[in-house]
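Asker: Each chain is listed here by its residues.
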Amino acid sequence: MSAAVTLRPEAKKKAAMSRASKDSVIDVQHLVKVYGGRGQEEIKAVNDVSFSVGEGEFFGFLGPNGAGKTTVIRIITTLLAKTSGSVHVAGLDVERDGLDIRRMIGYTGQSIGVDGELTGRENLWLIGRLYHMPKSLVDERVEELLEVLQLKDAADRRAYTYSGGMRRRLDLGAGLVHHPRVLFLDEPTTGLDPQTRAAVWEYLRRLHREEKMTIFLTTQYMEEADQLCQRIAIIDLGKIVAEGSPAELKAAIGADIITVRITRDEAFEQSRNRALEIARTVSGVSRASIFDEGVSAYTADGGATLLEVLRRLDAEKVPVHQVALAHPTLDEVFLQHTGRQMRVEEVKPMSRSFGRRRR
Amino acid sequence: MVTDVGHAQRVIIGTRDEESSGGVLTEVGLVTWRSLVKLTRTPVLLFFSLFMPLIWLVMFSQTFGTVFSSATSGGLPGGPAATPLPYDYVAVLLPGITVMTAIQSASQSGFGMVADLESGFMDKFFVAPIRRSSVLAGKLLADGLRMAAQAGIILGIAAILTLFGWRIPFATGVMGAVLIMLLAAAFGVAFSGLSNTVALRTKNTESTMMVSFSLTFPLLFLSTAMLPKALLPSWVQSFSTVNPVSYMADAARALILTGFDWTAIGNAFLAILAFGIVLNGLAIMAFRAQGK
Chain A
1 MSAAVTLRPE
11 AKKKAAMSRA
21 SKDSVIDVQH
31 LVKVYGGRGQ
41 EEIKAVNDVS
51 FSVGEGEFFG
61 FLGPNGAGKT
71 TVIRIITTLL
81 AKTSGSVHVA
91 GLDVERDGLD
101 IRRMIGYTGQ
111 SIGVDGELTG
121 RENLWLIGRL
131 YHMPKSLVDE
141 RVEELLEVLQ
151 LKDAADRRAY
161 TYSGGMRRRL
171 DLGAGLVHHP
181 RVLFLDEPTT
191 GLDPQTRAAV
201 WEYLRRLHRE
211 EKMTIFLTTQ
221 YMEEADQLCQ
231 RIAIIDLGKI
241 VAEGSPAELK
251 AAIGADIITV
261 RITRDEAFEQ
271 SRNRALEIAR
281 TVSGVSRASI
291 FDEGVSAYTA
301 DGGATLLEVL
311 RRLDAEKVPV
321 HQVALAHPTL
331 DEVFLQHTGR
341 QMRVEEVKPM
351 SRSFGRRRR
Chain B
1 MVTDVGHAQR
11 VIIGTRDEES
21 SGGVLTEVGL
31 VTWRSLVKLT
41 RTPVLLFFSL
51 FMPLIWLVMF
61 SQTFGTVFSS
71 ATSGGLPGGP
81 AATPLPYDYV
91 AVLLPGITVM
101 TAIQSASQSG
111 FGMVADLESG
121 FMDKFFVAPI
131 RRSSVLAGKL
141 LADGLRMAAQ
151 AGIILGIAAI
161 LTLFGWRIPF
171 ATGVMGAVLI
181 MLLAAAFGVA
191 FSGLSNTVAL
201 RTKNTESTMM
211 VSFSLTFPLL
221 FLSTAMLPKA
231 LLPSWVQSFS
241 TVNPVSYMAD
251 AARALILTGF
261 DWTAIGNAFL
271 AILAFGIVLN
281 GLAIMAFRAQ
291 GK
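One line per chain: the protein sequences are A and B, in this order. Note that the first sequence covers residues 1 to 359 in the working numbering. Note that the second sequence covers residues 1 to 292 in the working numbering.
Don't read these hints as lab results, they were simulated from the structure. All of these numbers come straight from a predicted model, not from anything done at the bench. Built from N, CA and C at the ideal position, the CB exists for glycine as well. Careful: at least some of the hints might be erroneous.
Label pairs and their calculated CB-CB ranges [unchecked claim]:
| hint | chain 1 | residue 1 | chain 2 | residue 2 | range |
| --- | --- | --- | --- | --- | --- |
| 1 | B | Gln-290 | A | Glu-42 | 38 to 48 Å |
| 2 | A | Glu-248 | B | Val-37 | 42 to 52 Å |
| 3 | A | Arg-96 | B | Ala-274 | 44 to 54 Å |
| 4 | A | Glu-42 | B | Ile-55 | 14 to 24 Å |
| 5 | B | Ser-234 | A | Glu-42 | 14 to 24 Å |
| 6 | A | Arg-96 | B | Phe-217 | 26 to 36 Å |
| 7 | B | Ser-238 | A | Asp-93 | 34 to 44 Å |
| 8 | B | Val-24 | A | Gln-150 | 31 to 41 Å |
| 9 | B | Leu-25 | A | Lys-212 | 28 to 38 Å |
| 10 | A | Gln-150 | B | Gly-29 | 23 to 33 Å |
| 11 | B | Trp-235 | A | Gly-85 | 54 to 64 Å |
| 12 | B | Leu-25 | A | Arg-96 | 19 to 29 Å |
| 13 | B | Leu-25 | A | Glu-140 | 15 to 25 Å |
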């Protein structure tokens, strides 16, 4: 079958180029997107973002609403024009080779773009045909997807009768009909119930594992990024603030976090300051800081250090109200890099139409 | 789901040659197919899009029929003074109603656009390896087919009415009727450009509805669609000469009352072409600007 590859000379050149550009499937350099202008207030939604994603990698963009995730994913998928910077997919330029890029990528947007008047089967069939797949191949592929996505029983029902989870699965299927080399998912589980979310995760893992698909996902859920992605970029206010594997990002904070809450009495301020001093002198504590209820200390070995901290606090008669030991999560990573707690805002179904314009 | 990914890649790349020739037609055809399927699945909408024009046809012709016949008892003003006209007002109004139906459908053309933009379905088209122009062309083709069918149904019902003594000459028979359907479709597609432009620029159904609806009635009544030119007040007469609706109505009216008036038909197509290019040009620009 490999002999049947018919590439035009131009495409051959491009393929060679893509190999030349160091195995990265997605390559984004100094990307900037400015909305507005021409009399309106200018908003820099994406501010000098650079990253690359390797072949077969599961890569996640993690950030709160308005961080610029959707803008980046829409630029890479050729749905939105960039202001400056360079964006390549498989060595192809998003501006020059949009059509060739679209041929090899799949995209599932934030708003569920299925046609409610068409049946599930028709939705998938239409998309497959739009990718110029031969009819027989489309038929085969549609059946296969309906099976995998567990939509077989509902295949001939119009999509508006589907539940939210079914619509999400159908939408996901629409991005997969043509066996994309790179799959782009913009907040694929926002608004889903926990069971459906778990099912989508499982399916994405399978796609990545069994089909070796490169997957680029945006999410505002720490857990989702942690569970699925091999590498994460944390994006906030249009800038990437941290990048690495979930484990690396967590390790960079220090392995464990000791939280000491101080008893609220008239000497609270004093006690807290004393506790901070103590925590800083305990060996094994890499960093300590105060927060509104007490002190938190970062350490490589939580168990041993905790004991020592408690012993010292007791010796100094600091009134301890509560102690906790936690392994860092991506929440802490986000907090550390942005100085803010990440708040998840659920996108209400009503505002879906405006979601596409979100930055 | 153990599928050879490389295999599929090859298949897709292998169909590139098809895209340059039959590919565009496939793209347009698929978009048209989708629009028509949607249309047939909302029969209520289809019914009511014809219901209003038919009510107009029956009520207007009844209400104004007597006024019209007394005004024209000595023939049309300026025309050969003679005997009363050999047809009823309904025959004069019929072409106007076909234009009205086409305009009405055209003003709804943008609704689907807004709906697709809002639902995110438009992204599916935009992210597929097809030309953007195919999406617009497919949609307009579906609109045109719908408008032709609507005109056909109205003409058919009018033909049935002649069995009950309504005097509609149908001077050019079935051929003329087909020509009217064609005119109505072309006119409607041309006019769709306005609705689609507003839809794409505002992304708002209400605005789209307001702009289109507020133009529909002035355009209809300041034209020869409701009455022959000779019966219109002089200022309306002057406006009607720059109103494309008049050219469409005149050509269709000639086909029903007198015969193949090729000058009128030619003028109608020219007028349709002229404002069709302007309005749809704006729509294409608005469509291209999506995501810019």
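Asker: Hints broken by the structure, by number, lowest first?
Answerer: 1, 3, 4, 5, 6 and 7
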